[in-house]
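K.L.:
Construct the complete structure from the given sequences, taking the supplied hints into account.
With positions in the sequence shown counted from 1, the corresponding number in the numbering used here is that position plus 1.
Treat the hints as calculated values from the structure; they're not laboratory data.
The structure displayed is predicted, hence computed values, not measured ones.
Even glycine gets a Cβ: it sits at the ideal position worked out from N, Cα and C.
It is possible that part of the hints are untrue.
Between beta-carbon pairs, the in silico distance windows are [unchecked claim]:
(1) Asp-87 <-> Glu-134: 21 to 31 Å
(2) Ala-149 <-> Glu-114: 15 to 25 Å
(3) Gly-143 <-> Gln-99: 16 to 26 Å
(4) His-89 <-> Glu-58: 15 to 25 Å
(5) Leu-115 <-> Ala-26: 20 to 30 Å
(6) Ala-20 <-> Glu-155: 33 to 43 Å
(7) Ala-6 <-> Glu-155: 55 to 65 Å
(8) Gly-116 <-> Ala-146: 15 to 25 Å
(9) Glu-10 <-> Gly-159: 48 to 58 Å
(10) Ala-152 <-> Glu-96: 41 to 51 Å
(11) Glu-84 <-> Leu-21: 25 to 35 Å
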Amino acid sequence: HPHPADPPELVAIGDDLRALASPAAAGPFYAAAVEQGVPGAVYRLGVAHHEAGDAAEAFRCFELAGLAGDALGAFMAAQVAAERGDLHAARRWYELAQGVESAAVRLAQVLAELGERDAADDVLAATSGESWEAAVELVRSGALAPDAAVALLEGWAGRARRVSRRPSR
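P.N.:
Structure, rendered in structure tokens:
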């Protein structure tokens with residue numbers, strides 16, 4: 002039985018059970034942690050439900066986590082909404098998931114599917130300058146024309162060469 006005297010330990014036990022491929026057994030520990038207000042517990046409960054095959058309950062947990070400000074919860078809610086074809090919900094959740102790697106690129110893809118090409122282009126332009134990983138994700142998404150994709154990656158490669166040539170102090 003979950004021990005309420007150490008709420009963060011409930012999450013650790015749930016994580017261990019999930020790692021042992023027992024997401025159904027992890028659920029009660031995460032649920033007890035949620036009742037105790039442990040940060041991240043709602044998201045983890047959603048993951049456990051997802052791994053146990055309960056998609057509806059997983060989505061509910063991801064939504065609750067996202068509404069509580071958990072960016073990973075919002076990201077997963079967006080993923081599920083997009084898979085279901087609810088692009089408007091996916092858009093709202095991806096907007097809340099900014100900061101999660103690839104959320105901006107996926108938001109741009111949803112915007113493009115909704116016919117909001119200018120907004121998608123704005124998101125992609127802002128994202129491509131954030132990091133090498135974001136640029137690669139953008140190129141892999143297929144959202145750029147081949148010439149633009151090559152130019153973007155060459156620009157990042159040029160930055161790396163300039164940095165590596167700087168003398169060390």
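K.L.:
Now look at each hint and say whether the structure bears it out.
P.N.:
Against the structure, the hints come out as follows:
In this structure the hint that Asp-87 and Glu-134 lie 21 to 31 Å apart at CB holds, the actual value being about 28 Å. Between Ala-149 and Glu-114 the beta carbon distance is about 20 Å. The supplied range of 15 to 25 Å therefore holds. Between Gly-143 and Gln-99 the CB atoms are about 21 Å apart, so this pair conforms to the stated range of 16 to 26 Å. Checked against the hint of 15 to 25 Å, the pair His-89 and Glu-58 passes, with Cβ atoms roughly 22 Å apart.
As the Cβ distance of Leu-115 to Ala-26 is approximately 40 Å, the hint placing it in 20 to 30 Å is violated. For Ala-20 paired with Glu-155, a C-beta distance near 41 Å keeps the hint of 33 to 43 Å intact. Restraint check, Ala-6 to Glu-155: a C-beta distance of roughly 57 Å satisfies the suggested window 55 to 65 Å. At roughly 19 Å, the beta-carbon separation of Gly-116 and Ala-146 lies within the given 15 to 25 Å, and the hint holds.
Range check, Glu-10 to Gly-159: about 49 Å between beta-carbon atoms, so the 48 to 58 Å window is met. Take Ala-152 and Glu-96: their Cβ atoms lie about 28 Å apart, and the range 41 to 51 Å is violated. Restraint check, Glu-84 to Leu-21: a C-beta distance of roughly 27 Å satisfies the suggested window 25 to 35 Å.
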